[in-house]
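J.: Construct all of the structure, not just a fragment, from the sequences and the given hints.
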Amino acid sequence: MKNKLIMAIALVMALVAGWAATTTTAQAATDNSLAKVQKKGTLIMGTSPDYPPYEFQATVHGKSQVVGMDVAVGKKIAKDLGVKLVVKSMSFDSLLVALQTGKVDMVISGMNPTPARRKNVDFTHTYYQGGYSIVINKNDKGIYKDKDSFVGKTIGAQTGSTMYNESKKQTSGTTVKGMTSVSDLILGLQSHKLQGVAMEKPSAQAYVSNNKELAMIPSHFDLSASDTSASVAFAKGSTSLVAAANKSVDQIRKQDLVNKDYLPAAGKYLKTNTVNTSMLHYWKAFLKGIEYTLIITVCSVFFGFILGVLLSLARMAQGGVFATALRWLATAYVEFIRGTPMMVQVMFVYFGLGLIVNLPALMSGIIAISLNSGAYIAEYIRGGINSVDKGQTEAARSLGMTSGYTMRYVVLPQALKNIWPSLGNEFITLIKDSSIVSIIGVSELIFQSNIVRSDTYRGVAPIAVIMVLYFIMTFTASRILNHFERKMQHD
Amino acid sequence: MTKPIIEVKNLAKNFGDNQVLKDISEQVDTGQVIVVIGPSGSGKSTFLRCLNLLETPTSGEVDFDGQDLTTLDTKKVNTLREQMGMVFQNFNLFPNMTVLENIKLAPMKVKGISDTDATKRAHELLKQVNLDDHADAFPTSLSGGQAQRVAIARALAMDPKVMLFDEPTSALDPEMVGEVLNVMQDLAQQGMTMVVVTHEMGFAKSVADRVWFMADGYIQENNTPEAFFSNPQTERAQDFLSKILM
Ligand SMILES: Nc1ncnc2c1ncn2[C@@H]1O[C@H](COP(=O)(O)OP(=O)(O)O)[C@@H](O)[C@H]1O
Ligand SMILES: [Mg+2]
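The listed protein sequences derive, respectively, from chains A and B.
Note that the first sequence covers residues 1 to 491 in the working numbering.
Note that the second sequence covers residues 492 to 737 in the working numbering.
Hints listed in this document are in silico derivations from the structure and should not be mistaken for laboratory results.
Hints should not be assumed to be uniformly reliable.
[Said to hold, decoys possible] Facing chain A, from chain B, some residues (calculated, C-beta under 10 Å): (1) N543; (2) L544; (3) M575; (4) F579; (5) L584; (6) V601; (7) K602; (8) A642; (9) R645; (10) L655.
[To be verified] Just the calculated beta-carbon pair ranges, DEER-fashion: (11) B:I735 / A:E335: 49 to 55 Å; (12) A:T331 / B:E666: 48 to 54 Å; (13) A:N386 / B:A662: 21 to 27 Å.
[Said to hold, decoys possible] A few chain B residues that don't get close to chain A, going by computed Cβ distances all over 12 Å: (14) E552; (15) T607; (16) H614; (17) N621; (18) D624; (19) S697; (20) Y709.
Here the structure is a predicted model, which is why all the values come from computation and not from measurement.
The C-beta atom is built at its ideal place from N, Cα and C for all residues, glycine as well.
T.: So, in structure tokens, the structure goes:
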């Protein structure tokens, strides 16, 4: 999962690099970033909400929303600019890509302004100076003292984070395992896959105070200030916006707002959060997940099917240079889509196409999965068409029917009947594979379960719930499809 | 009156290196029934399929109603095909449609005839082939003889000027051959121009105006049935008949 994701990001980054470069240089030449934000009246903040107390999901007035000290920082900046703050959730790895491709205006996610990151984005002054701790199982207290106690053991850290890199650098004989979400890391700790999890001190405190099985120890990492400080990231070259945000950030530092206001407020959410952690309490979140999963699946199969028909016809086009070109294009498309991971395609549509048109995550997800599914369905349809007896075409043509009518009224209906089971399989596969769009923040079932996990600090229960839910969906779908298959056989 | 409806001039057809039809020049007059016979693999089906351009001739002309089909564009070929009904050895009924729908499809989609009119005509044709009680059946529930009669009705629904038959009874159980041949004989009596590839020598003798004997890529003989069967001219034909008639 981790490697796939990193590969996917690398690929998408490489692919959009050209565009990104041109947009950023254009921005540098005439920096209208501040004016642009003020004109649209909203400031979009990207964050990865599984890092309490920086940012996390909490149920406020019955509704799940992102809260935490970073959100408070974001709100302050937006307020000082006179615009509205909009919070957009996504995985930590995706944040900087989202910033570079204009999906978000700024990133506040407990992010350290490391030199490597500075190459790609601009940072404000530091709004919070933290430090690192290591969370361990309470039973192990006394065995582990700091980062050097884990020789021959495994510690975990969030992939792409500073802790991850420093843990690798500053330990020897210790395996460092990266995972995308902190909830997963804590789960790994509790299931003894990991012996410790490195994270920022406030986060560690939040987890320990919410889970009696956990304890924290100092990390004793040797760190420069930039490695422990948190800053707000903006797109490269947005000087005016950074300058404006710096005014807010300086106020936050001067008045010590983080320690005085933001952290205590976040702590309150953390307490209310853990009152009711039963899965039933979260039925609304799961229902929303099911709804989105089904929307994505049904739309993708529908559009994928149309695309599949067109592609399969294009692949069988006969006669003329145009037909040859069409055939070649369709073949190349099918091969390319089948030869690249769906995850990369999803990210490419969301981030890559996002440079040209700003598509919402849900629509990007549906487009990417339809494009993907179309390539597979095209192959099923082509097989189905080839399986129809040639005599059928000859009979239709001998009656004076055009090749188009022959295809539409005689061959395709029979081909579809033949491939109905394969199409059904594709539908069921998509119910499961649509979960990939969770990486771009679409609230389908996996994404929702991650919210519930970080909301309740319960690692396994939400996974078990969605497993059952997925099974119910696929099982029901396959019953329904079988029913239609039997009905079609009667003809 | 004497103007032929189909005139084939120096027709040749190759499949790669395989010269199936070498040089064929014949004509069919309106109202004539031609029976084409010849050994298996001699190119009878290929010849028939060249007449309605299901196969594209390698060289030569196929004139239909005074027009050379080989020079027409796809659109015109489609409209000319309407006028040449074809019946296949394996019926090729559309299995996803009822008998009635099989017959109505082309008139409605190609000629734009209304559903009511197409249905009315389909029932007439089904009566003509004695199958009106099977209008709503699906092809899989029909016997071979019934299926072939539906296929004939389907071709007739386009009101063709010529009917092409490619071994219409070869795939049938013997007891069903008669019912199909009877329908074809009725059709001939009504004056339909027909080109029939068949091994039914009885049908050739009683219904055909001319018999064409095909072998080695040529029409070796073109004669009346009486003359052909009683006195075949070529050794090829004598040989063929002696094998068939024993
Ligand atoms: N589509 C085709 N491609 C290649 N060869 C073919 C094709 N159709 C027919 N042939 C060849 O042409 C020859 C004549 O076939 P056909 O016309 O079916 O003969 P007949 O109907 O007299 O038995 C055979 O050798 C056959 O293999
Ligand atoms: Mg044949």
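J.: All hints are to be evaluated individually against the structure, with a verdict given for each.
T.: Against the structure, the hints come out as follows:
no.: 1; hint: N543; result: 6 Å, holds
no.: 2; hint: L544; result: 9 Å, holds
no.: 3; hint: M575; result: 7 Å, holds
no.: 4; hint: F579; result: 6 Å, holds
no.: 5; hint: L584; result: 8 Å, holds
no.: 6; hint: V601; result: 5 Å, holds
no.: 7; hint: K602; result: 8 Å, holds
no.: 8; hint: A642; result: 8 Å, holds
no.: 9; hint: R645; result: 7 Å, holds
no.: 10; hint: L655; result: 8 Å, holds
no.: 11; hint: B:I735 / A:E335: 49 to 55 Å; result: 54 Å, holds
no.: 12; hint: A:T331 / B:E666: 48 to 54 Å; result: 50 Å, holds
no.: 13; hint: A:N386 / B:A662: 21 to 27 Å; result: 23 Å, holds
no.: 14; hint: E552; result: 20 Å, holds
no.: 15; hint: T607; result: 19 Å, holds
no.: 16; hint: H614; result: 18 Å, holds
no.: 17; hint: N621; result: 21 Å, holds
no.: 18; hint: D624; result: 20 Å, holds
no.: 19; hint: S697; result: 27 Å, holds
no.: 20; hint: Y709; result: 25 Å, holds
Every hint, counting from the list given before, is met by this structure.
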